[in-house]
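These are the residues of each chain, in order.
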Amino acid sequence: MKARVLGIAIILVFGAVRLPFEVRLEKEQRALHYHGAKLDLGMRQRLSQMGFVAALSGFRAVVATVLHIEAYTSWQRVEWGRLKLTYDTICALEPRNMQSWDMAAWHMAYNASVAARENKEQPRLALRLKAEREYFKLGEDFLLRGIENNPDHALLFERLATIYRDKFKDHEKASRYYEEAARRPDAMQYVHRFAVYELAKVPGREREAYERLKALYEKGEEERLPTLLRSLGELEEKLDVPKARRLYSPPPQKP
Amino acid sequence: MSEPAISIQHVTKVFPIPFKRERVVAVDDLSLTVEPGQVYGLLGPNGSGKSTTMKIVLGLVTPTAGKTEIFGCDSTRVASREQVGFLPENPYFYKFLTGFETLQFFGKLCGLRAKKRDERARELLALVGLEGAADRRIGGYSKGMLQRIGLAQALVQEPRLLVLDEPTAGVDPAGSREIRDLILGFKARGITVLLCSHLLEQVQEICDRVGILHRGKLISEGRLTDLISIENQTELILENASPELLAEIAATTAASGARLVGQRKPQQNLERYFLDVTGGNQ
Amino acid sequence: MSRITAIASNTLLELVRQKVFYFMLLFAAIAIGVAFVASGMPFAEQFQVLKDAALGATSIFSFLLVTLATAMILPKEIEDRTLYTVLAKPVSRLEYLLGKLLGVYLLLFVAMLLMSVLFFVALFAREQLVIAATLKDYGPGPDGEAAVAAVKAAAFNWNLVPAILIIFTKSAVCAALTLMLSSFATSWIFTVMISVVIYIIGHVQPIAREAWLAQSGVNPSSVMKLFLGFTSLVFPDFQLFNIVDEIVVGNAVPGWMFGQVFALGLGYVFIYTLVGYIFFSNREL
Chain A
0 MKARVLGIAI
10 ILVFGAVRLP
20 FEVRLEKEQR
30 ALHYHGAKLD
40 LGMRQRLSQM
50 GFVAALSGFR
60 AVVATVLHIE
70 AYTSWQRVEW
80 GRLKLTYDTI
90 CALEPRNMQS
100 WDMAAWHMAY
110 NASVAARENK
120 EQPRLALRLK
130 AEREYFKLGE
140 DFLLRGIENN
150 PDHALLFERL
160 ATIYRDKFKD
170 HEKASRYYEE
180 AARRPDAMQY
190 VHRFAVYELA
200 KVPGREREAY
210 ERLKALYEKG
220 EEERLPTLLR
230 SLGELEEKLD
240 VPKARRLYSP
250 PPQKP
Chain B
0 MSEPAISIQH
10 VTKVFPIPFK
20 RERVVAVDDL
30 SLTVEPGQVY
40 GLLGPNGSGK
50 STTMKIVLGL
60 VTPTAGKTEI
70 FGCDSTRVAS
80 REQVGFLPEN
90 PYFYKFLTGF
100 ETLQFFGKLC
110 GLRAKKRDER
120 ARELLALVGL
130 EGAADRRIGG
140 YSKGMLQRIG
150 LAQALVQEPR
160 LLVLDEPTAG
170 VDPAGSREIR
180 DLILGFKARG
190 ITVLLCSHLL
200 EQVQEICDRV
210 GILHRGKLIS
220 EGRLTDLISI
230 ENQTELILEN
240 ASPELLAEIA
250 ATTAASGARL
260 VGQRKPQQNL
270 ERYFLDVTGG
280 NQ
Chain C
0 MSRITAIASN
10 TLLELVRQKV
20 FYFMLLFAAI
30 AIGVAFVASG
40 MPFAEQFQVL
50 KDAALGATSI
60 FSFLLVTLAT
70 AMILPKEIED
80 RTLYTVLAKP
90 VSRLEYLLGK
100 LLGVYLLLFV
110 AMLLMSVLFF
120 VALFAREQLV
130 IAATLKDYGP
140 GPDGEAAVAA
150 VKAAAFNWNL
160 VPAILIIFTK
170 SAVCAALTLM
180 LSSFATSWIF
190 TVMISVVIYI
200 IGHVQPIARE
210 AWLAQSGVNP
220 SSVMKLFLGF
230 TSLVFPDFQL
240 FNIVDEIVVG
250 NAVPGWMFGQ
260 VFALGLGYVF
270 IYTLVGYIFF
280 SNREL
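One line per chain: the protein sequences are A, B and C, in this order.
Residue 232 in numbering that gives the first Met the number 0 sits at position 233 of the first sequence, and the numbers go up by one each step.
Residue 218 in numbering that gives the first Met the number 0 sits at position 219 of the second sequence, and the numbers go up by one each step.
Residue 190 in numbering that gives the first Met the number 0 sits at position 191 of the third sequence, and the numbers go up by one each step.
If you're looking for bench data, these hints aren't it; they were derived computationally from the structure.
All figures in this text were calculated on a predicted structure; none of them were measured in a lab.
Treat the hints with care, since some could be wrong.
Claimed, not checked - The following residues of chain B were derived to be distant from chain C, with all beta-carbon distances above 10 Å:
| hint | residue |
| --- | --- |
| 1 | Gln8 |
| 2 | Arg80 |
| 3 | Leu108 |
| 4 | Glu130 |
| 5 | Val162 |
| 6 | Ser241 |
To be verified - Footprint (simulated), chain B over chain C, 3 or more residues, beta carbon under 8 Å:
| hint | stretch |
| --- | --- |
| 7 | 78-86 |
| 8 | 133-141 |
| 9 | 192-205 |
Even for Gly, the Cβ is constructed at its ideal location relative to N, Cα and C.
Just chain A, same shape as in the assembly (with noise of 0.2 Å):
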């Protein structure tokens, strides 16, 4: 009987010490941006997150990894649906694996888009416009879930401005997103290049990417590539700036 107290004191003992090395723990894991972004969610719909994810625990991996390999078969077979389930599936359970935000926007904006645009059994342009428009929609929905995620790295905000270039258009967004991406310690080399050509696009905005250009161009050769060359031209163009202070000269006009 004495022995059980103990035993249980001790045990007790040991939560209360250990309680502020673990909060301190955590926290420094969640500055590394473990676990997932720390939802703001009600207190319930956490448990069941959680203990979703927890029941799998261990089994997880093995979970996920099933589920990548029915969503490959998913499309192949062009079941855009499925696909998206089972991607939805695939990011609870790994939430910090950016591979699987990416490919499951890419399958979205870029794969099942094309097919609803080209669907054959769809006469009226307009509805199968429609249709591309919302798995371009799906796509940025995936990105932005996987940013709260992952926003410590680049990969998903280069993805998803360049959704926006590419498929919405939307220059403002894009340029805003390529910039987030620049920020990253890991972003690639010609993202903050990017945001600024897109800015470039961006109506009412051309002074500003002006300013920006001819910053990157006086940096020196290495950023004095074509694009931003030829960036550069259009504003200078645009803005009418006088030729005597144009950095741009096109090349001689060949009859």
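Please build the complex by placing chains B and C on the supplied structure of chain A, with the hints as guidance.
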């Protein structure tokens, strides 16, 4: 005057029954002493407290009150077990080990060095007659072989005291006899033995002293010969006596005032008969 | 010490002769199966899936292995009465318990070593295949070299070694926990069930702790608070050991983080063993 091999002083053990108010008194104010070199038989029906007493002596169970010592060392201390070898009732050993490995393992537990362990294991296997089965797994041993390897294991660190719980339970008569002879051999070498049994005949054959436990109390204790001989009777065993001689003895007896209580043919005991018939007595 | 090692090696020998290592065949089948199925995917994802499945399986297998093996020890020894013969020798109960735990750890070590070797062999074989295919696509030259470098970066990563060590630590904690439970439990089924329940609760424990410390939970009733506080203090936080997920995804985990998690695991093992010893030394056999 040397210390007693076992000294049990006013030991009581009470087991509470979980979730009930009742308690079971397994051993009730028990005191007894076993002197070095004795073979002491602890007798009693099932549930009389024999096993609990033994477990207390070995430090496996802590007494509720009282104290036990082995050669002067308190039983609750690990060191007290250096002098004891124990053979539990129906011993089971690790089935996946061979006989040799089993003795090696127990030798290691007793802190024997590798070379000594090897020698000791071989020696003990020879002593209990299991050389042939040394490299067989225990899982395939018969009851009698298990009991013998159990004895060997108990002897591994050359203890001065052996505690044996029903050493012949479930063993056939030949095996039983071998074990009995082994115990008599230990006695000859000066090893003290505490034997628990309810096979009275066996106890009678080998014990110097017996104690009888009943419901946790020691109800009788003493030298075996003192306890069971009938002081005012004498047995005569005659060979080739004629009926006339017998009649004459009966008449003389009556004339002297003594009484002839009975007259019968002595019977071979069944064990001996069995051993003669099966040739197990060779 | 020699008694502890004698009991430890005996425990390992018992488990080995009981052929527990046959489960490795299942593990090998999973590794090969996943490598085969994943071969249709892009290479980065292929390695990802392989690592994920292999480490996940290692984690489950080692948890099941130690929990089952540890839960069986005491009940089996008591039932077979082997415990009596061992404790009737000059062996203290602490030595006995430590020997058993050490034996389970030896088993865990051997099992995880085998699983890791299988895993690395599968990963290496896959890597070689992918490299061969890449070289065929690109041909020799800087492009090919860059592509091969990318494949190599995606395949093996030195962070995988500490990941395996973390899995070992977590399983070691589970073994000590199970041993503590079995020091007072009367059947191994009870022990295994409670172990599994604690394992699961251990993964949601941080939620309870957070709600308790926040003092402003959804339900501020005192009963609820008591319950949350009890949960936070009694149950372990297994979520802190889940940094393995980060490593699988290829994120770097700093050395000091590993260090702290190991230290935490060590603390758990010590406390559970101590409490297990207290229970066991007072147990009537």
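Going through the hints against the structure:
Distance check for Gln8 (chain B) against chain C: the nearest CB is about 21 Å away, which clears 10 Å, and the non-interface claim stands. Listed as outside the interface, Arg80 (chain B) is inconsistent with that label: its C-beta sits roughly 4 Å from the nearest C-beta of chain C, within the 10 Å cut-off. Chain C draws Leu108 (chain B) into its interface by the beta-carbon criterion, the shortest separation being 4 Å against a cut-off of 10 Å. Look at Glu130 (chain B): its CB is around 22 Å from the nearest CB on chain C, clear of 10 Å, so calling it non-interface holds up.
Not every C-beta of chain C lies more than 10 Å from that of Val162 (chain B), the closest at about 8 Å, which undercuts listing it as non-interface. At roughly 59 Å from the closest C-beta of chain C, the C-beta of Ser241 (chain B) stays outside 10 Å, upholding its exclusion from the interface. Requiring three or more residues with a Cβ within less than 8 Å of a Cβ of chain B, the coverage given for the stretch 78-86 of chain C holds, as 7 such residues are present. Evaluation of the coverage hint for the stretch 133-141 of chain C: breached, as 0 residues show C-beta separations to chain B shorter than 8 Å, against a requirement of three.
Against chain B, the stretch 192-205 of chain C contributes 0 residues with a C-beta closer than 8 Å to a partner C-beta. That does not satisfy the three-residue criterion, and the hint is violated.
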